[in-house]
Structure formats: structure tokens, C-alpha cells
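Chains A and B supply the protein sequences, listed in that same order.
Using the numbering used here, you'd call the opening residue of the first sequence number 1 and step up by one each time.
Using the numbering used here, you'd call the opening residue of the second sequence number 1001 and step up by one each time.
Just to be clear, a hint being listed does not mean it is correct.
[Claimed, not checked] Each pair of labels, with its calculated beta carbon distance range:
#1 A:R15 - B:A1361: 42 to 52 Å
#2 B:E1409 - A:L101: 23 to 33 Å
#3 B:R1269 - A:T71: 48 to 58 Å
#4 A:E31 - B:E1217: 29 to 39 Å
#5 A:L101 - B:V1274: 52 to 62 Å
#6 B:M1072 - A:L101: 57 to 67 Å
Hint data in this document are derived by calculation from the structure and do not stem from the laboratory.
No residue lacks a Cβ here, since even glycine has one placed at the ideal position from N, Cα and C.
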Amino acid sequence: MIRLIITADDKLYNRLARRVRAEGDAPVRAEDALDGLERAMTGSPGSIMVDMALRSADTLLETLHSRPETTTIPLLAVTADGQLPFELHRLCAAVLEVKAL
Amino acid sequence: MTRLVRNTTRVLRGVFIFRLFIAVFSVLVFAVRWSVWPTPEAFEATSLVGLLMLPALVTVLFLFLPGLEKRMGRFYLPVALGMTILVFSLESGVAYVRPGVRVLVTLPYGGRISLLWASTEMILFTLIPCVLAGAAYGLRGAVRAATLATVLHLSLGVVTWLYGVPLIGFLVLLPLRIAVLYVFPLITGYLADTWRQEHVALQKANRQLRGYAATVEHLATSRERVRLARDMHDTLAHSLSAVVIQLEAVDALQETDPAAARTQLEKVRQQARVGLNGVRQAIQNLRSAPVEELGLAGAIEGLVERFSQRGGIPADWAIEGAPVPLLPVQANALYRIVEEALSNVERHAEACRLTVCLSYAHGVTLSVHDDGQGFDPATVDPDRYGLVGIRERAALVDAQVTVDTAPNEGTTLTVRIVEPWQD
Chain A
1 MIRLIITADD KLYNRLARRV RAEGDAPVRA EDALDGLERA MTGSPGSIMV
51 DMALRSADTL LETLHSRPET TTIPLLAVTA DGQLPFELHR LCAAVLEVKA
101 L
Chain B
1001 MTRLVRNTTR VLRGVFIFRL FIAVFSVLVF AVRWSVWPTP EAFEATSLVG
1051 LLMLPALVTV LFLFLPGLEK RMGRFYLPVA LGMTILVFSL ESGVAYVRPG
1101 VRVLVTLPYG GRISLLWAST EMILFTLIPC VLAGAAYGLR GAVRAATLAT
1151 VLHLSLGVVT WLYGVPLIGF LVLLPLRIAV LYVFPLITGY LADTWRQEHV
1201 ALQKANRQLR GYAATVEHLA TSRERVRLAR DMHDTLAHSL SAVVIQLEAV
1251 DALQETDPAA ARTQLEKVRQ QARVGLNGVR QAIQNLRSAP VEELGLAGAI
1301 EGLVERFSQR GGIPADWAIE GAPVPLLPVQ ANALYRIVEE ALSNVERHAE
1351 ACRLTVCLSY AHGVTLSVHD DGQGFDPATV DPDRYGLVGI RERAALVDAQ
1401 VTVDTAPNEG TTLTVRIVEP WQD
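So here's chain B without its partners, still in its complex pose (with noise of 0.2 Å):
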């Protein structure tokens, strides 16, 4: 609303400038095409002519005095509004009361031309603040802003009759001009109140979105609390208990049969192990978002690590360059591309040793090398080592897959992100 009130005022001050700018280019034009400059003789003036030149000073002032608009708020744009309107009808009705005063030279071979515009040209004018009271203000501003400039023409009709003008050519057009005055602003008023019955629809929508996104947000949380501890429930405190009525048996064979009691106290090493790798997968499953925890690089070396301890294969894991900064969504791409190619190392390469690579030479470079007995790309079925799902995930995050391999000379997996996205 206020970018809206501060663009109609600059349309405002546009106005009079560009209505300053048609004056000084008529006054040179006749200067440049028949070198009549205007002088106080030629300029037929009139007390009429002080009238309107007092208010469209100060009107002109009101618009361009820095810091105006800012103390006076919400006043400013009607203020400015009424004025200007009142400035176009003075006009408008000293041009009809007076068409003398129109005339500013009269040129040598008897033509007469004017500064001042006819009284309808005037109208136009007027209609200009009117729209944008009705752009501003809604259907209510335009009214407002077509009853003030009716009035103001009506007024100047009994001005004109109270000079002793014949009023049967302003009578005979004021319907046209009332009509004029309020069918444009109106349907302007009535656009911009649509627009913005519109726009708080939007804004009551977006509001509920975000209570809806928060709502989704705290649901998800308070879920994944449900399932901690379920989890913990499930693993730490069945063991826990289980170890504790073992341990309690230990307790009271110790004495009366010390070699059951170390069977089950074997028992309850092996209960508080499972307990423990229970505890540990219940750990694992927290983290689900490796990369966000660890970074990408790290959570890679993560990743290689465990397939070394996994299968026993000797890894290898190395960086090169300076990290550059990338999206989650292409970070965790990456990531999860390492894991399926990691996992088809395990189930297909048979291989003895494995590179893994992250490069930030030129974008970012991924490779997977393996030392296994490879396949050959063009007999074996593209959906064969879950390619097609490398290639998918690669896709989606503009990054480029090659895969190098052949019978018996291992394979080399490269995903290349050659312009990462950024924040």
C-alpha cells in the first residue's frame, strides 16, 4: 500500500512536469517557427489568470518540497490529489470562461495560439488525478475524486453564468464531462479494489501456509521424538532389563553353582552386546542426514570407512582442491551416489582395492575406482549395478555421470558437477 501511494504520487509530479514541459515546448516552438517570444502585451491576461496561477504554485510546491510527503503520511496523497484536481478544473473552467486568456501571441500573418489548453483538453487533465484517487483509494477514492472535480466544474458553470457567459455550451456538454470524470475512475477504483481483495486472500493463504508448514514441522519433530523412544525402548531398556534379571541370577548361583553362573554370566555378555549394537544401530539411524552433519566430505570418508570394514576391501580417500560451497541437494546427490556405487562394488566388482576421490579442481569431481573384474557396457543391461539410478539422481542435479570400465580392468565411476548451485 505505501509503494502504491509513493508510485501514484511520482505519476502525480509527472504530470506536472510533463504539463510545465508542454507550455515551455509551445513557447519554443513559436519562438523557433515564427521567433515570436511571448511578452506581457501579447499575453491577454486577466485577474482570471492570477486566480489559477496562485493555486497551481502552491500545488506545485506541495509535490516537490522535499521531506513534505514523509511528515505529513497518509494526509499527503488526498491533499495532493485535491489540489491537483482543483488546479486542472480552474483551468479548465478559465479557459472556458475566458477563451481569451488562452491566447498567448498573436502571430504575424493573424494566427492566434495559446498557452493554455481548451477547456475539454483541460478535462483530460483533470481525469488524471481522479483515476489515480480511484488506483489509490479503490471505488470509494474514485468517487470521491470525480464528486470533487464535478463540483469544482459546476461551480465554474454558475462562475461563467454570474460573468454573464451564455451557459448553453457548458450545459451542453457536462453530461459528456461528468461521465467522463467518473466512468474511468471507476472502473479503476473497481479494478484496484479487486486487486487488492485479491491480494489479502493471498496473504490470509499464505498466512495459513506457514501455520500449516509450522504445524507440519512440529509434527514431524514430536514423531521422530515417538520414534527415539520407541527405539531406545526397544533396544537399550530390553537389554537393560534382560541383563539386570541375568545379572540377578548370577547373584544367587555364584555360591551354589559357580559353573552356571558363568554360563550366564556369558549369557549376559552377549545381551549387553546385542544391546550395544542395538544402541549403535539406533545411533546410525538418527543421523539419517549424514552430509547435513558432517559435511560432505566427511560424511563420504564415513561412508568409505564402513565399506572398508564391511567387505575388508582396502579403501582409499582423498580431496583435492578447496571445498566449493554446495547446495544440500546436490551435496546429498553426491553422497547418495557414493553409497549405491559403493554397494555395487560390494555385490558386483569383486574387487581388492578401491579410490574414492572428490575433486574441486574445476567444479566438483567425483570418482569411484574400483580394481574389479568390470563388465562390458554394451552387453550388459543399462538398469544392471543400478546405473540408471546414478544417472537419474545425477540428472536431477544438472551433474554429469561417465562410467569407465571394460572386462577385466576394473571400473571408474565419475559424477562431474561442472557448475555447482550456490545460495
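Next up, chain A with everything else stripped away, as it sits in the complex (with noise of 0.2 Å):
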């Protein structure tokens, strides 16, 4: 299964794709929020990682969750604190805390 990661930060990026390749699946990175939209609508990822670090990733969150191409896949944010605000916390199948990665 291909999951999707879109972060900038390198060291993030490599925590998350050691864990997703641990568990036999297949990352994939964008590294910013248009080109992480274009993956998650054209490569059909099992999950998609979104570091909340990143620009934009609010809205990011909120259009993949709405668009029909990707409201079904999983998402997973991923916050330096486990903390989200509400709003985009129930967008989400689980918000991952760094510290714990």
C-alpha cells in the first residue's frame, strides 16, 4: 500500500517513512501542499501523513477531506504537541504527536 507523507522537514520525513516501510508499505513524499493534493488525488495512497508544520496545512487537511477523490482516504496529521484544534482534529483518523515517532 502506497502512504502518502507530506512534509518539508527531511528528519520527519524519514522518522515517518523508516515506520510506514517497518509496517510493508510504500512512502511517497510531497513536500509541499499543492504537490502532496496532486499526489493524494492522482496516486491513490492508502493514508496520507500531513505534518501540520507545513504551510497551509489547514486547508490542506480540509480539501482532501472534501474533495471526492480523497474524502475516503485515511488522514493522519501529525503535530510537534498530539494537540489539533477541534475543527480539523475530527477531520482526522488520528493525530500522531512527533515527540512519539
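Given two chains presented individually in distinct reference frames, assemble the corresponding complex, making use of the accompanying hints.
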């Protein structure tokens, strides 16, 4: 299964990609929100991890959740402290804390 | 499952209509090509034909009588399949036992043509309900239907033998017939079972996912409550505790040292103000989804008001046209773009006046204009003033951004959504 990781942070990508590979899946990276949306719509990923430190990450999450092509793909938000505003939290299957990765 | 049964029934009806069409088509071809119409004299009827016609008629009535399917429920399709197998098997058997009855007409040049097909051809027709049974009921249904068809064909072989017809031709083709009757339905049944198992697994996964989603939502709500409780504890409870202690001190000092009491009272006032600001901040934090709460226009108006109060810059706010409903994602994106734009004005523009307008004239157009120092787009880093973020947000929701600016001529940011997304 392809798992899309949207982050501009190399270190975070490497940590997430290692975990994805350990679970037998294939990580695919997008470095900004627009690239992420494009890959999500064309690559049929099994899940999408969004680094909330990324510019426009909130709008990206909402867009992924509302577009018909991506609305059924589980979204995982990655934040520094595992916290996320409620209106974004409810769009995500889970919120991951960077320290816990 | 209900749809599968309904579609299987439709296919079964279609097969019968097809068989009837072939018969009518043959009659018409005979009539047009050779000007020969079927007559009782031309038809070499036997009692076996009557034997065939009766179940065929009953099956047609069974398949096409309105309301019968609904009344019989889940028993309808198995009975319909069984009757269809019986009719086609009988037709095959009749064709085998008495090849003569196949002959409809003797043509002028001596050739003979039939409405009934040969026994082997009818096997293919018998195969259709068997395959449909496999599709509707899986391997078990396929085995039962194929076994019924095989038993009927074997019985016809016995009838053939009783009629004194040599069995050799029947026996030679029997293994092939049985193989055909079993193989295709079994393949269909196996595939249907596999699909059904996957469908069940998918439904189970879907139920689990819903459960997880509900748990996540519950956890999010719980976390929000905890955060709210913590905020109240950190702001309101602390401030009120301090106010109470300080008031007790005021009470004690009131008579002995009025000057100290007044100083203490001033501290109480300050503490109360700190508490009030903390509560206001907590309430502000709770309103984390202003667009959801106030609508796009209300949320932007709030932003503009706060901007004006904060920086002391007069700000005009206007709405033009009748509001067009937007999906939350687009409305939120516009709100965040205004937030970013106002932050830019505050930090960089040195403006004396701000104008924000939301127009619903052609799609949705949002403009933020300031009369500040502007900038030269050609010489400015594209990422400066957060323009990249604004453009990115706009692109995510299919909006177009234009920035109209020049040194000392202010800046106008326009965001246009030509085709609003709607539910």
C-alpha cells in the first residue's frame, strides 16, 4: 500500500518513512501542500500523513477531506505536541505526536 | 444480495424472451424467405411436445406474473431457476428422443427446418440458469443447479431408453454434457463466493472504521473538555482565588491602615483585569472555528474589527450581492487568507486606511486594499509578505489570486472563486 507523507521536513519524513516501510508499505513524499494534493488525487494512497507545521496544512486537510477523490482516504495529522484544533481534529483518523514517533 | 437476486431474475426473464424471439424470428425468416407458414399439418407433433409446452407455459407465467416475486420472497429465485432448468432440459430431451418433433416445416425443395433446437444446443440454454444459480448462491447453488440439470438429463436418457431409442449416442455425449453443466456454474459460483467473502470483509472493515472514527471523535471531545477545564483553572480559578485573598487583606487593613487598603484594592482591581483578560482569551480560543460559528461574512467582519482596534487603522468592510453558499473548506480558506493579508498589512504596509470587500457578483470575490507603501513585485522575494502561503491556500480550493501593487501606491489583494464548490 502506498502511504503519502506530506512534509517539508527531511528529518520528519525519514522517521515516518522508516515506520511506513517497517509496516510493509511504500512511502511517497510530497514537499508542499499543492504537491501533496496532486499526489493524493492521482496516486490512490492508502493513507495520508500531513505535517501540520507545513504551510497551509489546515486548508490542505480540509481540501483532502472534502474532495470526492480523496474524501475516503484516512488522514493522519502529525503535530509537535499531538494537539490539533477540534475542527481539524475531527477530519483526521488520528493525530500523531512527533516526539512519539 | 437483494439486488443480485433481482438482477438474476431479470436475466432469467431475458433468456426466456430471447428464446421466444428466436422462435418468432425463425418463423418470420421461413415466411419471408420461403413463403411458408407453420401449419398443424407441417408440424410433426407428438405427445412429447405437449409435455414440453405445459411446463414452458407455467414457467413463463411464473416469471412474468406481476407481484409473484414479492409475494414469494427468497423462495422465488430458486423455484424460477429450477423451473427454467426443467423446461430447457425437457426441450433438450424432447429434441433428442424424437428428432422429428424438431421439424417445423418441410420446405418446398425438401429441406426441413425446426423451431426446436438440437439437444446439444439446448444444453447451452440449460447452462444459463445453472450459471445464474452460481452467481446468486455461490458454489453451493452452482452444485445444486448443475446436479438438478444432470439428473434431469440422465432421466431423459432413461426415458429415451424406455422409448426404445439406442442409448449409444446419448452415452457418448453424456460426460461432455455433465462436464459443461458443472464446470461453468462452479467457476461462477467460486468467483461469486470469493466476491461475497471480500464484500463481507469490506463491510466488517467499514464497521471497524466507523467505530474508530467514533472513538477518535469522542477522544477529541474529551481532550477539548480537558483543555477547557485547564484553561478555566489557569485563568478564572487562579484570578478569583487571588482576588478573594487580596479582598480579605483589604478587609483586615481597612481600619488599621486605610492607605495600604487602597493600595491593596488597586492590586485587586489589576488582578481582576488580568483574570478578565484571561477568560476573554480562553473564550477566544474556544471560538477556534469562527467561520462555522459566524459564517464567512461575520467571521471576516470580526477580523476587520479586531484589526482596526489593534492597530488603530480605520477599516471599511463591505459585502456586495446575495451570498453564495460555499463549502466550509473554501469559506475557511478565504477567512485564513484575509487573516494572513491583514497580518501583512499590519507588519509591512504602514497603511492609513484599509478596505475589505466580499463580493458575490460573479462567483465569490474577496479584496483587501490598503493605501500603504506598496512594493515592487519584480524586486520582492516571492515568499515575502506570506504571498506564497496565500497563493497556496487559494490554489488548494480552486481560487485565483492577483496582487496589484506598486511602490507608494498601496496594495490590493484579490481572491476570486469562479466556481464555488457546493454540496
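Status of the hints after comparison with the structure:
| no. | hint | in the structure |
| --- | --- | --- |
| 1 | A:R15 - B:A1361: 42 to 52 Å | holds, 49 Å |
| 2 | B:E1409 - A:L101: 23 to 33 Å | violated, 49 Å |
| 3 | B:R1269 - A:T71: 48 to 58 Å | holds, 53 Å |
| 4 | A:E31 - B:E1217: 29 to 39 Å | holds, 31 Å |
| 5 | A:L101 - B:V1274: 52 to 62 Å | violated, 38 Å |
| 6 | B:M1072 - A:L101: 57 to 67 Å | holds, 59 Å |
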